[in-house]
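Residue numbers (the working numbering), protein chains in the order written: chain V, 497 to 684; chain R, 497 to 684.
Quick caveat, the hints were computed from the structure, so don't treat them as lab data. Check before you lean on any hint, since a few could be wrong.
You can't tell identical chains apart in this list, so a pair holds if it fits in one copy or across any two.
In silico DSS-like links for lysine-lysine, alpha-carbon gap of 30 Å or less [stated by the list, open to error]:
| # | residue 1 | residue 2 |
| --- | --- | --- |
| 1 | K627 | K661 |
| 2 | K542 | K627 |
| 3 | K509 | K680 |
| 4 | K614 | K680 |
| 5 | K649 | K552 |
| 6 | K498 | K555 |
| 7 | K555 | K680 |
| 8 | K680 | K532 |
| 9 | K552 | K614 |
| 10 | K542 | K614 |
| 11 | K627 | K540 |
2 protein chains.
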Amino acid sequence: MKSKEKLQLAANKLFIENGYENTTIEQIAQLAGVTKRTFYRQFKDKSDVLFDADNKLGKSVAAYIKEQDNSNSNYIRTGVDAFIDLTAPMFSAERERIITRYHIIQNHPDLLERELLKMFELTETIKDALKSAGLVDQNDCDTTAELIVLIFKLAFQRFVDEETKSFVEWLNYFFDKCSFLIDKEKTI
Amino acid sequence: MKSKEKLQLAANKLFIENGYENTTIEQIAQLAGVTKRTFYRQFKDKSDVLFDADNKLGKSVAAYIKEQDNSNSNYIRTGVDAFIDLTAPMFSAERERIITRYHIIQNHPDLLERELLKMFELTETIKDALKSAGLVDQNDCDTTAELIVLIFKLAFQRFVDEETKSFVEWLNYFFDKCSFLIDKEKTI
Numbered sequence: 497m498k499s500k501e502k503l504q505l506a507a508n509k510l511f512i513e514n515g516y517e518n519t520t521i522e523q524i525a526q527l528a529g530v531t532k533r534t535f536y537r538q539f540k541d542k543s544d545v546l547f548d549a550d551n552k553l554g555k556s557v558a559a560y561i562k563e564q565d566n567s568n569s570n571y572i573r574t575g576v577d578a579f580i581d582l583t584a585p586m587f588s589a590e591r592e593r594i595i596t597r598y599h600i601i602q603n604h605p606d607l608l609e610r611e612l613l614k615m616f617e618l619t620e621t622i623k624d625a626l627k628s629a630g631l632v633d634q635n636d637c638d639t640t641a642e643l644i645v646l647i648f649k650l651a652f653q654r655f656v657d658e659e660t661k662s663f664v665e666w667l668n669y670f671f672d673k674c675s676f677l678i679d680k681e682k683t684i
Numbered sequence: 497m498k499s500k501e502k503l504q505l506a507a508n509k510l511f512i513e514n515g516y517e518n519t520t521i522e523q524i525a526q527l528a529g530v531t532k533r534t535f536y537r538q539f540k541d542k543s544d545v546l547f548d549a550d551n552k553l554g555k556s557v558a559a560y561i562k563e564q565d566n567s568n569s570n571y572i573r574t575g576v577d578a579f580i581d582l583t584a585p586m587f588s589a590e591r592e593r594i595i596t597r598y599h600i601i602q603n604h605p606d607l608l609e610r611e612l613l614k615m616f617e618l619t620e621t622i623k624d625a626l627k628s629a630g631l632v633d634q635n636d637c638d639t640t641a642e643l644i645v646l647i648f649k650l651a652f653q654r655f656v657d658e659e660t661k662s663f664v665e666w667l668n669y670f671f672d673k674c675s676f677l678i679d680k681e682k683t684i
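Modelling step: build the complete structure from the supplied sequences, incorporating the hints.
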């Protein structure tokens, strides 16, 4: 295992056991079996361990969208499928870590701001991917990307709050829910 | 005019004329005809002038939603109408200030983070308002509030980028666009 992964694992273990506030960088480095210096080569600070600094998720989702046969141009479904393929296995396997991370972020306004900025970047990356995949109209691109990320956000939140459905089920649930609620408006 | 409004007007004038970076709190206070001390009684710092610290917009939208007759329960439309009634006149009258503000925020990651947090708070306020107005299911509330804010966000962005439509026209445009894109998925 690389030192970065060792540090992430150690940090998450300590956040769960002792709380985010009570965990020091010294303890994280010690548990990972590396020096504090190694920690600072990988992360700027303690909060950095919680974030995907390289926008890895955004890049994977973008690659997934570009790889699909988009001749049917059902882009919202493709985006939701990207999240199903790319995040669902990890979300099921690491539920405890994800919930802990979520609660840490909700309780620290500065971390919440950073999380919102990550979602903003994710949306921008998906907009670009849709454009590359052949969705030329800017308004279509923007709206589609925002709807994809919205469905992801809603599914993620409910996944954290409730264990009644898997992450995949929540993604499909909110895909249908958006469609249902918008449709309802028309029949009134 | 109250000193708070005087300071906001002065700050916006200076941001437009000299740029955000080049404007000092001293200059803002001077142009408003008050002391620096008065500035700091109203605002924490220069960036604070750009933000609606009291979530005034969120509270107004919430009040609007609660006041409507919701027996038809077309909540997304009600939310979009709230933005039309509450923000459209101001948006048309102060287009230059709004565009300047938008560009300042886009160019400063810390201000962008704060803006995203404001949108997050706005969404939470609308969720609560929908619940009070009779939308009992949590998933319906969350999805409806997110869709309302999404339509507002998309319309706002395009209003800033393009002068081809009024803010009201952009709101209605993206209301229809969301519906159209989601519908298209079904016919494939």
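If the cut is 30 Å between Cα atoms, do K649 and K552 qualify within a copy, between copies, both or neither? both (17 Å within a copy, 25 Å between copies)
One pair to classify: K542 and K614, alpha carbons no more than 30 Å apart. Within, between, both, or neither? Both, since 17 Å and 25 Å are each at most 30 Å.
Within, between, both or neither: K627, K661 at alpha-carbon 30 Å: Intra 33 Å, inter 23 Å, cutoff 30 Å: inter-copy only.
Please sort K555 with K680 into within, between, both or neither, judging by C-alpha distance up to 30 Å. between (35 Å within a copy, 26 Å between copies)
For K509 and K680, with the copy left unspecified, which applies at a CA distance of at most 30 Å: within, between, both, or neither? For K509 and K680, the Cα distance exceeds 30 Å both inside one copy (45 Å) and across copies (45 Å).
Checking an output row: K680 and K532, CA cutoff 30 Å. Within, between, both or neither? Neither way: K680 and K532 sit 56 Å apart in one copy and 53 Å across, limit 30 Å.
Using 30 Å as the alpha carbon limit, work out where K627 and K540 are close: within a copy, between copies, both or neither. neither (33 Å within a copy, 41 Å between copies)
Quick one: K552 to K614, C-alpha cut-off 30 Å, is that within a copy, between copies, both, or neither? both (11 Å within a copy, 26 Å between copies)
Up to 30 Å CA-CA - K555 versus K498, copy category: Classified as within: same-chain Cα gap 21 Å, cross-chain 49 Å, threshold 30 Å.
Within, between, both or neither: K542, K627 at alpha-carbon 30 Å: neither (36 Å within a copy, 37 Å between copies)
Alpha-carbon proximity between K614 and K680, which holds within one copy, between copies, both or neither at 30 Å: between (32 Å within a copy, 29 Å between copies)
The earlier numbered hints that this structure contradicts are 2, 3, 8, 11.
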